[in-house]
Amino acid sequence: MENQTIQNLSDEELVILSRKDQNNFSYIINRYKLKFFHYVRRISGVNDDDAEDLVQDIFIKIYLNINDFDETQKFSSWAYAIARNLVISNYRKRKVRPENYKINLDDDLMQNIASEINIEKEFDQLALKDYVVQVMTQMPEKYREVLILKYFEEKNYQEISDIIKKPIGTVGSMINKAKKELTKSLDKKYD
Amino acid sequence: MIENKEFENSLLTKIKKEHLNPMPKWKFVFKNISWWLGGGLFLIFGGLAVSLIIFLFSDEGLNIFLRTKGFGWEIFLFSIPVFWLLLFIFFSWLVYANFKETKQGYRYSFFLISLGSLLISLLLGLTFHFCGIDEQIDDLLGRRAPFYGEVLNPSVKFWSEPEQGRLSGVVATSTNEGDYLIIDRDGKEWTVLTKAPCGCLHKITIPAGAPVKFIGRKLNNNNFELEKIIPMRPGKAFYGKIKILPPPPERVKAMMHCGEVAPMPESLCH
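In order, the protein sequences belong to chains A and B.
Start counting the first sequence at 1; every next residue gets the next number (the working numbering).
Start counting the second sequence at 1001; every next residue gets the next number (the working numbering).
Read the hints as simulated data drawn from the structure, not as lab findings.
Just so it is clear, the structure is predicted and the values come from calculations on it, not from any experiment.
Any given hint could be a false lead.
Pairs of lysine-lysine residues, derived as DSS-like cross-links and limited to a Cα-Cα distance of at most 27 Å, are as follows [said to hold, decoys possible]:
#1 K166(A) / K33(A)
#2 K74(A) / K1005(B)
#3 K1005(B) / K166(A)
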């Protein structure tokens, strides 16, 4: 199959091809390596080198478990769930959880979050961005995680449910609580 | 490095060099089926626990007793088969844990899984109850299980309180008029005397060797005045283990205030 044609295939089709020939797995790696790299950085706060090592481990785990993937589901959710589990088991191995790390918010993301949490007042955008980052960093991990998946990884509720392995209703209430927390902190700051 | 093609190449090289191969599909299928089977098995166990709860709680004797006298919540609570209830909760938790591990299990909430598990267990429990499986289990446990009287069947303790008007045991001898010599669970002999005039209270004489429950009044250390006889269902095999020796003649004579002694079955004369 030509390179161009393969690149146009869906994730699920690429999985089927990878099962037949491991060289095709490189297309999956190519498609997801940066997404996972940023995701790992965001949820674990490790440095670039460690994140790269983790991404490598994630792809190896995906490859080893590729026969577990059910084609009726979304590959990205399945793969993100593996990535998340690996990051969590990495915490456990090191017996430490990240505390001080920086979340990078670009303007579009900031706009997205601001509209979702109904920030109507006019704020200094730069200061607001810093504050949102600060609040998110200090949030309980479970809330921060769903916010990252929703706003940074742009996953919908069903996908988040498939990634964190929680019922969709629980995901909805976690996101609501996280948003409330964010709004409350911002109100306190700017009132 | 992650941004250039080198990353994919080195990863593929590593996969090839270390001969890493995807795990076969059957392993994942087997794992998933195992979780389902485990869940199903614990559902059945939960159903058995429910049937035992129904069997012990709906004990006819307890119902009669509750209807006869004005007993309150204390006795109601005392009659709850706590062990089986705890076991049922434990099995339900195992069902939940197994179901959560199945491929799509995480999509369902704790409430939904617990409710489903509860309903299926109740349905199974009722089925087992109507098939008489609960009674067979109770008989088996009564014969074999240690701590049966202390833990598995609360009615044994409940019906072993002569001071409270509840006595249980195995009939060693009976008269045609309804007086009994019984052996309780501790091996103590009791003479159970009918309260009514001879021949008025009981038309049926309970044969020797039968486990029974009596409601009445403790007269003294060895005598009990009988008001009601209740057949024993839960715990009958447990009481069946009590060894009965032929009563001494003077004891029998003392019982014969107005009736004949019913013959003792040959098989019970150990």
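Inset, instruction - Given the hint that K1005(B) pairs with K166(A), test it: the Cα-Cα distance must not exceed 27 Å. - result: 35 Å, violated
Legend entry - Pairwise hint evaluation, K33(A) against K166(A), where the allowed Cα distance is 27 Å at most: At roughly 25 Å apart (the allowed maximum being 27 Å), K33(A) and K166(A) satisfy the hint.
Legend entry - Straight-line alpha-carbon gap K74(A) to K1005(B), limit 27 Å: Roughly 25 Å separates the two Cα atoms, so the pair holds.
Hint check: a violation occurs at hint 3 only; the rest are consistent with the structure.
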